[in-house]
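Colleague: Generate coordinates for the entire structure from the input sequences, incorporating the hints supplied.
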Amino acid sequence: MKNIIKLSITMKQLNKSGRKYANYDLKATKKRIINTIGVLSIVLGLSACGSTKSVLKTSDGTPFKTNPLFPKFSWETTPMYYHFGDIDRVLEPDEVQFIANKTDFICIEKSHGFRQLGDQVLGTKHEVEAFHKVKPESKVLFYYNSYVAWPFPRFNHELTPEGIAKNKTLAKFLEVNPETGKFKEKTNGPAFSYYFDCLNPDFRKWWVASAVEGVKISGADGIFIDRMNVDVNADYPLDKLAEIAVAKGEMMANLKKEMGPDKLLIGNNAANTKEVFPSCDGFMFEHYNNAVMSKESLLRDWEDMLRISKAGKMSIYRFGAKGKGKADITLGATGTEGIEQKSKDQLEYYLACYLIGAQPYSYFQWNWGWNLDDGNLVDYPKLNKPLGSPKEAYKRVNPEEWIFTREFEHASVWLDTEAKKAKITWK
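Just so you know, the sequence shown maps onto residues 11 to 437 in the working numbering.
Simulated from the structure, these hints should not be mistaken for lab results. Incorrect hints may have been included.
Think about it this way: if two alpha-carbon atoms lie no more than 30 Å apart in a straight line, the pair counts; the simulated DSS-like pairs of lysine-lysine are [said to hold, decoys possible]:
| hint | residue 1 | residue 2 |
| --- | --- | --- |
| 1 | K433 | K405 |
| 2 | K112 | K433 |
| 3 | K332 | K433 |
| 4 | K192 | K250 |
| 5 | K250 | K267 |
| 6 | K267 | K143 |
| 7 | K176 | K192 |
| 8 | K405 | K392 |
| 9 | K192 | K305 |
| 10 | K112 | K82 |
| 11 | K405 | K284 |
| 12 | K305 | K395 |
| 13 | K332 | K430 |
| 14 | K392 | K145 |
| 15 | K437 | K405 |
| 16 | K178 | K192 |
| 17 | K395 | K405 |
If you anchor each label on the Cβ, the simulated ranges turn out as follows [unchecked claim]:
| hint | residue 1 | residue 2 | range |
| --- | --- | --- | --- |
| 18 | E419 | N187 | 48 to 58 Å |
| 19 | P188 | D104 | 45 to 55 Å |
| 20 | P146 | K305 | 36 to 46 Å |
All C-beta atoms in this analysis are idealised placements derived from N, C-alpha and C, irrespective of residue type, glycine included.
Modeller: As structure tokens, this is what we get:
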């Protein structure tokens, strides 16, 4: 607009001074200026339209406040997040490229590369460098648990029965079972583990320092914090939930501060823990059991996704295909015969569950386990289809029923969460 005003002033100046310069082709010059103004007006008009169109809005019309720290977001296809690990080894170059072609938002799971490198931190470092090499804009996260003392990162190597026997000062970091007077133990999983006592202030300082060091050494773009939900499903002492929520809030605030302003913090299952909400840049909805996949819970999820987006934060909507074998999520692949086909057959329903509530910077994660081989290297054609931005908020067909619809530029979504059926019509 300023350029148009300047050109108008130039026209007036030429009209006044035209007689002064006998050899000056005033008409030709005026014509060129008029043409320039016309072209500039068209360019500015297109630019204005483009900028308006590019503004991301939540389903209620609220403009999304884009954070330059976040990964690039697009509705072109289903926005994907990948989260995986392989306890035996690091990724092969073709595996890195496959995942990089699907997403630029990734987390490396808790035991990745442990048997090959002896340290989850180094396993993450390897993949951070690999993904940044093939796709520099990728955001790759370091994993750390706020409750289970998994022995895979270097900071936790001594948090074992043998380690505690040698260094008894570490015992104060661990939760004690009030019924037995002994350390609370996790025996079902990839490795024997104790539990952290977040009510100990010395532990909280140590934990934050360890988490920051993990991000620093690995070169990660941020951190994914597991076991962030503080509720009746979290396995914490019920009479201490309020205290634990406050302690977790302090941990996350200090972690965010110590990592610095250029690092992401994603909290798993933490969207409804008000004490940690302000410190997190995003939240995962893990859907780890049937209770959190009920029709009532899914409806609450969609409300939470809108609330999160209106706060300028990200959400990750993770589902796993049903019908896998072993329950162990870290020690080797959990697939059974036919699970890959089952995951393809089940995808439409769970993708619809995501699309009904999806907001700007909402991501979808799909596999049947957290191991690399649990669907993370499978190509799902539906996830590659053109999607386009949502045209509207979801609609509930009847307030007494559980059928929902939503329109995208290139897809129509129909979902029945009571019958657990869905239909996505790609345009």
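Colleague: Given the hint that K178 pairs with K192, test it: the Cα-Cα distance must not exceed 30 Å.
Modeller: holds, 14 Å
Colleague: Take the C-alpha atoms of K176 and K192, compute the straight-line distance between them, and say whether it is at most 30 Å.
Modeller: Holds: K176 and K192 sit about 17 Å apart, inside 30 Å.
Colleague: Hey, K250 versus K267, does the alpha-carbon distance stay inside 30 Å?
Modeller: At roughly 26 Å apart (the allowed maximum being 30 Å), K267 and K250 satisfy the hint.
Colleague: Against the 30 Å threshold, does the CA-CA distance of K392 and K145 hold or violate the hint?
Modeller: Answer holds: K392 to K145 is near 23 Å, not above 30 Å.
Colleague: Are the Cα atoms of K192 and K250 separated by 30 Å or less?
Modeller: Holds - the C-alpha atoms of K250 and K192 are around 18 Å apart, at most 30 Å.
Colleague: Can you confirm whether the C-alpha distance between K305 and K395 stays at or below 30 Å?
Modeller: Roughly 27 Å between the alpha carbons, so the hint for K305 and K395 holds.
Colleague: For the pair we were handed, K437 and K405, check the Cα-Cα distance against 30 Å.
Modeller: Measuring from Cα to Cα gives roughly 19 Å; hence the hint holds.
Colleague: Mind checking the alpha carbons of K332 and K430 for me, to see if they're no more than 30 Å apart?
Modeller: With a Cα-Cα distance of about 13 Å, the restraint between K332 and K430 holds, given a limit of 30 Å.
Colleague: Given the hint of 36 to 46 Å, is the C-beta distance from P146 to K305 inside that range or not?
Modeller: Given about 42 Å between the Cβ atoms, the range holds.
Colleague: With the threshold set at 30 Å, check whether the alpha-carbon distance from K395 to K405 stays at or below it.
Modeller: This hinted pair holds, its Cα atoms lying about 23 Å apart.
Colleague: Regarding the pair K112 and K433, is the alpha-carbon distance no greater than 30 Å?
Modeller: Holds: K112 and K433 sit about 23 Å apart, inside 30 Å.
Colleague: Would you say the C-beta atoms of P188 and D104 sit inside 45 to 55 Å of each other?
Modeller: holds, 51 Å
Hint compliance for this structure: hint 9 is the single one not met.
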